[in-house]
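Participant: Each chain is listed here by its residues.
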Amino acid sequence: MNIDRRSFLKLTALGLLALAAKPAIDLISKPSAARALNGPAAGKRLAMAIDLKACTAKNGCIDCIAACHRVHNVPDIGNRKEDIKWLWETGYDQAFPDQENKFAAQPLQDRRVLVLCNHCDNPPCVKVCPTQATWKRDDGIVMMDYHRCIGCRYCMAACPYGSRSFNWRDPRPYIKVIDDGYPTRTKGVVEKCNFCEERLVDGLQPACVEACTSGALTFGDLKPGTGLYRLVSSEFNLCRKAELGTLPQVYYLL
Amino acid sequence: MYDKGKIIGGLAIFLCLASFPVWYMAASGKADYHPDPVLPAGENQCVESAQYMREYHMQLMQQWRDQSVRQGDSIYISSDNRTFDINLTGTCLKCHPSKAEFCDRCHNYTGTAPNCWDCHNVPPVKAPQQGTE
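Chains A and B, in that order, give the protein sequences.
If you number the first sequence the way this note's numbering does, the last residue is 270 and the count never jumps.
If you number the second sequence the way this note's numbering does, the last residue is 139 and the count never jumps.
It should be emphasised that the hints constitute simulated quantities derived from the structure, not laboratory data.
Treat the hints with caution; some may be incorrect.
Listed below are the simulated DMTMM-like cross-link pairs for lysine to aspartate or glutamate, each with C-alpha atoms no more than 20 Å apart in a straight line [claimed, not checked]:
#1 A:LYS69 <-> A:ASP79
#2 B:LYS100 <-> A:ASP195
#3 A:LYS257 <-> A:GLU116
#4 A:LYS69 <-> A:ASP109
#5 A:LYS192 <-> A:ASP92
#6 A:LYS152 <-> B:ASP72
#7 A:LYS192 <-> B:ASP124
#8 A:LYS152 <-> B:ASP79
#9 B:LYS105 <-> A:ASP195
#10 A:LYS60 <-> B:ASP79
#11 A:LYS239 <-> A:GLU251
#12 A:LYS257 <-> A:ASP109
#13 A:LYS257 <-> A:ASP137
#14 A:LYS74 <-> A:ASP109
#15 B:LYS100 <-> A:ASP218
#16 B:LYS100 <-> A:GLU214
#17 A:LYS203 <-> B:ASP124
#18 B:LYS100 <-> A:ASP196
#19 B:LYS105 <-> A:ASP196
Generate the whole structure from the sequences, applying the supplied hints.
Facilitator: So this is what it looks like as structure tokens:
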């Protein structure tokens with residue numbers, strides 16, 4: 017076969033062009049690309065702001081805690097050593113032990129502070145989990161896969177916020193009314209707040225946010241332009257134990 | 007051969023005893039026993055074909071688990087392009103409401119004890135409605 021220099025160059029160029037087009041063609045011809053994944057969207061950073069000025073926990077309100085524990089079948093063991101906690105309240109000095117100002121305003125010190133998993137951007141619990149039963153999703157939620165948890169409790173040791181609880185016994189007898197919408201846990205697994213990822217899938221707000229009547233809780237994507245971003249970037253706020261470098265994503269407005 | 011009678015007799019008794027479960031079952035008419043899970047009335051197609059579900063429901067459920075929990079994608083598209091919400095209590099038990107009459111029948115027969123129900127909820131089975139149709 018005879019081929020002159022001109023047609024050889026033409027054919028080479030054509031071949032290179034076809035090679036360059038291959039990734040693009042692969043992309044459109046892939047069957048999975050035809051369907052948008054309804055999973056967590058990358059690029060999001062879900063976070064929460066808790067306005068301690070508006071929160072009525074100091075008056076004994078536990079609407080958010082009750083709602084959370086009801087929809088997630090959190091047992092009430094009635095024994096502090098075995099307590100299961102997703103969302104609970106604690107004293108100002110307990111929540112912010114690094115704020116050592118003895119003369120902080122009295123109303124500040126008297127506040128009850130709602131605490132929960134901070135869904136850290138740099139979660140220490142994820143680093144220590146030997147089975148990857150806990151991991152950080154693309155949208156920032158630090159998830160638990162109860163199927164994979166072997167109950168080693170490394171994550172509980174690693175979490176500086178005490179946000180994780182261990183099931184020392186079968187929790188079912190301690191749940192007053194079991195909600196079929198969410199599984200219970202079993203003896204030997206660790207559990208914690210999941211930012212209501214099962215409700216977010218259905219387009220709902222987290223149960224605590226929905227239950228709060230004083231508007232103290234704001235949940236959403238922390239990106240410029242959102243209400244949460246405006247709130248967090250315009251008002252003075254604290255994160256719990258920020259100096260540890262875990263980058264907690266629950267912001268407390270004082 | 008010494009004690010021929012005793013040895014052969016002993017062997018015969020041993021064979022009788024060893025094969026007792028087989029012939030006893032055959033004699034009592036239970037040899038062809040097979041589990042009989044209650045299939046949902048009014049439904050003729052599960053998520054995938056019945057044969058596939060029979061053989062591979064455990065793999066399918068593990069795929070559902072991983073897809074929904076780990077990838078956060080709770081929609082399953084079956085091989086014939088129907089979509090299902092990935093939810094053991096909400097989707098599987100909607101058609102198979104009675105764990106005792108469906109899951110347990112085969113699992114007990116095969117001596118399998120899956121731990122799904124340690125956490126996943128089995129809603130109480132409602133009595134069939136009467137007089138409404």
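Participant: Hint by hint, say whether it matches the structure.
Facilitator: Hint check results:
no.: 1; hint: A:LYS69 <-> A:ASP79; in the structure: 16 Å, holds
no.: 2; hint: B:LYS100 <-> A:ASP195; in the structure: 16 Å, holds
no.: 3; hint: A:LYS257 <-> A:GLU116; in the structure: 12 Å, holds
no.: 4; hint: A:LYS69 <-> A:ASP109; in the structure: 16 Å, holds
no.: 5; hint: A:LYS192 <-> A:ASP92; in the structure: 8 Å, holds
no.: 6; hint: A:LYS152 <-> B:ASP72; in the structure: 15 Å, holds
no.: 7; hint: A:LYS192 <-> B:ASP124; in the structure: 17 Å, holds
no.: 8; hint: A:LYS152 <-> B:ASP79; in the structure: 15 Å, holds
no.: 9; hint: B:LYS105 <-> A:ASP195; in the structure: 18 Å, holds
no.: 10; hint: A:LYS60 <-> B:ASP79; in the structure: 16 Å, holds
no.: 11; hint: A:LYS239 <-> A:GLU251; in the structure: 16 Å, holds
no.: 12; hint: A:LYS257 <-> A:ASP109; in the structure: 12 Å, holds
no.: 13; hint: A:LYS257 <-> A:ASP137; in the structure: 13 Å, holds
no.: 14; hint: A:LYS74 <-> A:ASP109; in the structure: 14 Å, holds
no.: 15; hint: B:LYS100 <-> A:ASP218; in the structure: 19 Å, holds
no.: 16; hint: B:LYS100 <-> A:GLU214; in the structure: 19 Å, holds
no.: 17; hint: A:LYS203 <-> B:ASP124; in the structure: 9 Å, holds
no.: 18; hint: B:LYS100 <-> A:ASP196; in the structure: 12 Å, holds
no.: 19; hint: B:LYS105 <-> A:ASP196; in the structure: 14 Å, holds
Of the hints listed earlier, there is not a single one the structure fails to meet.
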